[in-house]
Amino acid sequence: MSEVLTADLVVVGAGPAGLYATYYAGFRGMSVVVVDALAQPGGQMTALYPEKPVFDVAGFPRVRAQDLVDDLVAQAALAEPTYLLGHRALELEEDADGVTVRTDRGAEVRARAMLITGGMGGFRPRPLPAGGEFEGRGLRYTVPRPADLAGKHVLVVGGGDSAVDWALVLEPLAASVTVAHRRDAFRAHEHSVAQLRASSVRLLTPFEVSAVRGGDTVAEVDLLGPAGGLTVAVDEVVAALGFQADLKALAGWGIELTGRHIPVDRSMRTNRARVFAAGDITDFPGKVRLISVGFGEAALAVNNLAPLVRPDLAVVPGHSSDSA
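For the sequence shown, position 195 matches number 195 in full-length UniProt numbering, and the numbering has no gaps at all.
Hints may be right or wrong, so weigh each one.
[Said to hold, decoys possible] Once the Cα atoms are required to be at most 25 Å apart in a straight line, the calculated DSS-like pairs of lysine-lysine come out as:
#: 1; residue 1: Lys248; residue 2: Lys287
#: 2; residue 1: Lys52; residue 2: Lys287
#: 3; residue 1: Lys52; residue 2: Lys152
Note that these hints are calculated values from the structure, not bench results.
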């Protein structure tokens, strides 16, 4: 028999934006069910880089990713949500009174509105073009335990925030850290890039990986640049090339997509009347994908969907200190 749950709001995605939205919906008096394909809350932060420091959250000059998730879970607990973890949202039906979400494990959620913050399914790393046969034998895409790379010669491939952050985290632990990026410019926070350039990390730009060689484990990597190639002796390769989310379900929900993102209006509403979105999954002019921005989008979405949940709820909630 299918499990049937009812709530004011169903949040699909238990990453930072989804957890904050859950708390905030509770603050506005809503009941919440949270659905996520992963077995634990926290999204990519918990699954991929729990030890990584995070720098773009208000009030925290520096915070360990898992510590931030733990605090968000504790905050969300104030809303007394029901979690459906390890559930992939597969089907969506919308009518004049609400939405119905069905999962791959037979659960059914009936709610007045829906907020998508991710959590649709697994996410897979963008593969390194060469050397895939060494995955698990010196080639990795995440570093959940940086101490595992202590004393090793590490090559980080990539030029985004993850590549720069991992290089900085590993610098004091590893025997050496080299970063190879196919462009001279990095696509990361300016402050982090400045730290990287001032560090002992060896920067090789513009270079791309052309081959990975070794025996039982990685031993060396060939890099190719405009002026020729070079070979770097390494023990570990961290391919920080980004991740792709599994958004196949959205295609059958009638939700408009722009590439791998959901366009939203200023209220964070999608093209479906009772479906809103927040966090990295959204797209709109001027979009900036930061955790701090996702928190703001979550609050915007919850406030704007509030009248759909209960007509007596206003979009503008007043200040939280007023309820103290």
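*Against which earlier hints does the structure fall short, listed by number upward?*
Of the numbered hints given earlier, the structure breaks none, since each of them holds.
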